[in-house]
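Peer 1: One letter stands for each residue in the lines below.
2 protein chains.
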Amino acid sequence: MNPKLEIFSQGEEVITGQTVDTNAAWLSQQVVPMGFTVTRHTAVGDRLDDLIALLREISTRADCCLCTGGLGPTTDDLTAEAVAKAFDLPLEFDGIAFGQVKRFFEHRNRPMPESNRKQAMFPKGAKRIDNEWGTAPGFSLQAGRCWFAFMPGVPSEMRHLFLETIQPKLVSRFTLQPGKLITIKTVGIGESDIQQRINSIEIPTQVQLGFRAGPDDVQTKLLFPHDYPEAAMAALVSELAGQIGDTVFAIDRVGDATGDLVFVIDQLMNAGGHTLAIAETASQGLLAAKCIGSQWLLETRYEQSLESLGQKLGVTVNANDLMATAQAMAVKIQKTSAADFVLVQLYAGDNKTFHDKDKSIFLYNTLLTGDGFHQTIHSVAGPIKRKQNQAALLALDLLRRYLQHKEL
Amino acid sequence: MNPKLEIFSQGEEVITGQTVDTNAAWLSQQVVPMGFTVTRHTAVGDRLDDLIALLREISTRADCCLCTGGLGPTTDDLTAEAVAKAFDLPLEFDGIAFGQVKRFFEHRNRPMPESNRKQAMFPKGAKRIDNEWGTAPGFSLQAGRCWFAFMPGVPSEMRHLFLETIQPKLVSRFTLQPGKLITIKTVGIGESDIQQRINSIEIPTQVQLGFRAGPDDVQTKLLFPHDYPEAAMAALVSELAGQIGDTVFAIDRVGDATGDLVFVIDQLMNAGGHTLAIAETASQGLLAAKCIGSQWLLETRYEQSLESLGQKLGVTVNANDLMATAQAMAVKIQKTSAADFVLVQLYAGDNKTFHDKDKSIFLYNTLLTGDGFHQTIHSVAGPIKRKQNQAALLALDLLRRYLQHKEL
Chain A
42 MNPKLEIFSQ
52 GEEVITGQTV
62 DTNAAWLSQQ
72 VVPMGFTVTR
82 HTAVGDRLDD
92 LIALLREIST
102 RADCCLCTGG
112 LGPTTDDLTA
122 EAVAKAFDLP
132 LEFDGIAFGQ
142 VKRFFEHRNR
152 PMPESNRKQA
162 MFPKGAKRID
172 NEWGTAPGFS
182 LQAGRCWFAF
192 MPGVPSEMRH
202 LFLETIQPKL
212 VSRFTLQPGK
222 LITIKTVGIG
232 ESDIQQRINS
242 IEIPTQVQLG
252 FRAGPDDVQT
262 KLLFPHDYPE
272 AAMAALVSEL
282 AGQIGDTVFA
292 IDRVGDATGD
302 LVFVIDQLMN
312 AGGHTLAIAE
322 TASQGLLAAK
332 CIGSQWLLET
342 RYEQSLESLG
352 QKLGVTVNAN
362 DLMATAQAMA
372 VKIQKTSAAD
382 FVLVQLYAGD
392 NKTFHDKDKS
402 IFLYNTLLTG
412 DGFHQTIHSV
422 AGPIKRKQNQ
432 AALLALDLLR
442 RYLQHKEL
Chain B
42 MNPKLEIFSQ
52 GEEVITGQTV
62 DTNAAWLSQQ
72 VVPMGFTVTR
82 HTAVGDRLDD
92 LIALLREIST
102 RADCCLCTGG
112 LGPTTDDLTA
122 EAVAKAFDLP
132 LEFDGIAFGQ
142 VKRFFEHRNR
152 PMPESNRKQA
162 MFPKGAKRID
172 NEWGTAPGFS
182 LQAGRCWFAF
192 MPGVPSEMRH
202 LFLETIQPKL
212 VSRFTLQPGK
222 LITIKTVGIG
232 ESDIQQRINS
242 IEIPTQVQLG
252 FRAGPDDVQT
262 KLLFPHDYPE
272 AAMAALVSEL
282 AGQIGDTVFA
292 IDRVGDATGD
302 LVFVIDQLMN
312 AGGHTLAIAE
322 TASQGLLAAK
332 CIGSQWLLET
342 RYEQSLESLG
352 QKLGVTVNAN
362 DLMATAQAMA
372 VKIQKTSAAD
382 FVLVQLYAGD
392 NKTFHDKDKS
402 IFLYNTLLTG
412 DGFHQTIHSV
422 AGPIKRKQNQ
432 AALLALDLLR
442 RYLQHKEL
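Residue numbers (our numbering), protein chains in the order written: chain A, 42 to 449; chain B, 42 to 449.
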């Protein structure tokens, strides 16, 4: 049996919807592969009674609870007080914590209000968790059945604190049988298409299959039990990836940092010593923007009017053959650019079609490299921002597939 | 006393962190200005016992509960069963709901599995909520102290259903004293700077002040009680906006759709019949990308090398005077472009500085219009993607301030 874990977020800004609670999802993503079963996420505001009631509930039904928020020096800090009242533990002064809170104010050249002294007060028996990335320290303690860890609510601080301090503690405190998580990353294919493609493959019941569709990729996630044979795991992953086809741009294991599509392209462009010039239309700058900071991207241009782009490049636009037009433009760009690759993205469809979420546009992508032209055509529908994003991703994916396979 | 409302999300994908639960935050944003006090968000997975326990808890402590998830026809639909068991209500067949579920499968040309029949089973006394935007219908029912509404978990379906069906029901069922929400939107200023600027203004205790810092703006939110005098409200808002200064690009009331910075610019550019050409560096395409679909944006260009950009434009780059360089570039671009406005964004700092999150770059924005040059200089730090985004926003904001004030 996996230990039961709950996640609890404190803050008026969460409960009133001013902040989307991304901490809970992020923490779940960390602890599920570690071997915990997450049973609940709860968020409450800054009301002491609610906090006390919730802490007591959790202490009877969970083995572990990760808590975020309610520790910051500039907001009402109710967490320590609520814990003290919930479990009948007196608050005790912690000199080291007090120094940390004081330094926070010193660094900002502000006098420390007397009220902040209470941030150095922890319930008896609690262990301080130092927070070198931000404001006040956190703390942990065992209450009833449950081991609680209290962390700050600022996502960047919380993530650092979790990875550096809490995660090692969890590993040593609990008997865990971590699963093995594999992520197959794709672009240019929807979740339901993936499901259809892998429908014929039988997935053992002890393997958890899940999907995560983000704006920039669709991830097929497989969580294997800790004792699943390595060879069988590799075979299943390779069978699934084969069925999904060449839309797969990366397969990650836990701990891998393969990253997103641009990360994959970045590695390949740098390894090959290539450089790129872009002309884009439907993506309107977003194609270049996604490659921010890449040394290999030398230039991009966008013109709203295809005729005006053609004029400046000295190319006659043939609306009935955008592939030929894109090829001619790529050749012209190569002549004035220092880049050895040229990527031209054109689209067919008038401005009304582009804005209409119920209508599709056709994308014509042309990549010119040392060994000639490589081209793809796609149809994209949806709101204009989706069309823009897909246009950028599908053009990048043409580059990725050329670099990974050198054949299209 | 405002009625107490809880929000409850069901689904393994939420509890395991595969999905960030944006539904809870969205629903809170809707119901808080309506006059509810949100006391808890809870998420549980697809375990029947957990669901039953949670439903019982909520029925004793909340006046209203909005539930999402657990209704889809292709996943385990435990909600109706859990409600039936929690409150001892037999499940009853609903012919109209059955027709809706059947049509879902017919539209997809798939046979309806026998198991889906249970989706037309509702606890005795429940009222069906038709869902014309998706799959299975929802339902509502009173249990103990609490009125429950069960909606699908797909955000777009849930939002439609809430706005069209649930919200009117809430208004008629509960005695609400809706507050008045005012949002002051700014760009180019941080939350803590805003706080400092408005520090001297006394905000009455019955007015709730909050901040929401997104990537593209910082929103200062004021929630006034329903009976707050209109004149006093207007005076306070105008005093606050005055203190925050010309970084304010919009002030919204509930129901306004002023939108984001680009929306504001869009209105002004179209009203004035203006068009724009851009040359961008640090934003690397993102400046143009943010204006997706705008008729007034005619072209953008990006070159990694400032020298190469200068060469192509016939401008000698003076690294010690990027303002003069940007002016010269704007003049050249105006000559070859059909646009009457030209926006040039350059930055000082080498590539290493750009990548280093602890180092700042300086942005030089130049806007050339019929009445001359308008310029701003900014220093931006942080990770490269933040620098990129700020570069795009600050250049757009120069355009916005020119259009709103015609003086800088």
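Hints are computed from structural coordinates only; laboratory data are not their basis.
Some hints could be false.
[Unchecked claim] Think about it this way: if two alpha-carbon atoms lie no more than 16 Å apart in a straight line, the pair counts; the simulated EDC-like pairs of lysine to aspartate or glutamate are:
(1) B:K126 with B:E173
(2) B:K45 with A:D90
(3) B:K45 with A:E53
[As the list claims (entries may be wrong)] Derived list of chain B stretches under chain A, where covered just means 3 residues or more per stretch with a C-beta under 8 Å from a C-beta of chain A:
(4) 55-63
(5) 85-91
Just so you know, even glycine gets a beta-carbon here, dropped at the ideal spot from N, CA and C.
Peer 1: All the hints need checking, so say for each whether the structure fits it.
Peer 2: Each hint, compared with the structure:
Note on B:K126 and B:E173: the hinted pairing is violated, with a Cα-Cα distance of about 28 Å set against a maximum of 16 Å. The straight-line distance between the Cα atoms of B:K45 and A:D90 is roughly 14 Å, inside the 16 Å bound, and the hint therefore holds. Restraint check: the Cα-Cα separation between B:K45 and A:E53 comes to about 14 Å, which is no more than 16 Å; the hinted pair holds. Under a criterion of three residues with beta carbons nearer than 8 Å to beta carbons of chain A, the stated coverage of the region 55-63 of chain B is upheld, 9 such residues being counted.
Note: the region 85-91 of chain B has 4 residues with beta-carbon separation from chain A under 8 Å; the three-residue rule is met and the coverage holds.
Hint 1 from the list above is the single one not met by this structure.
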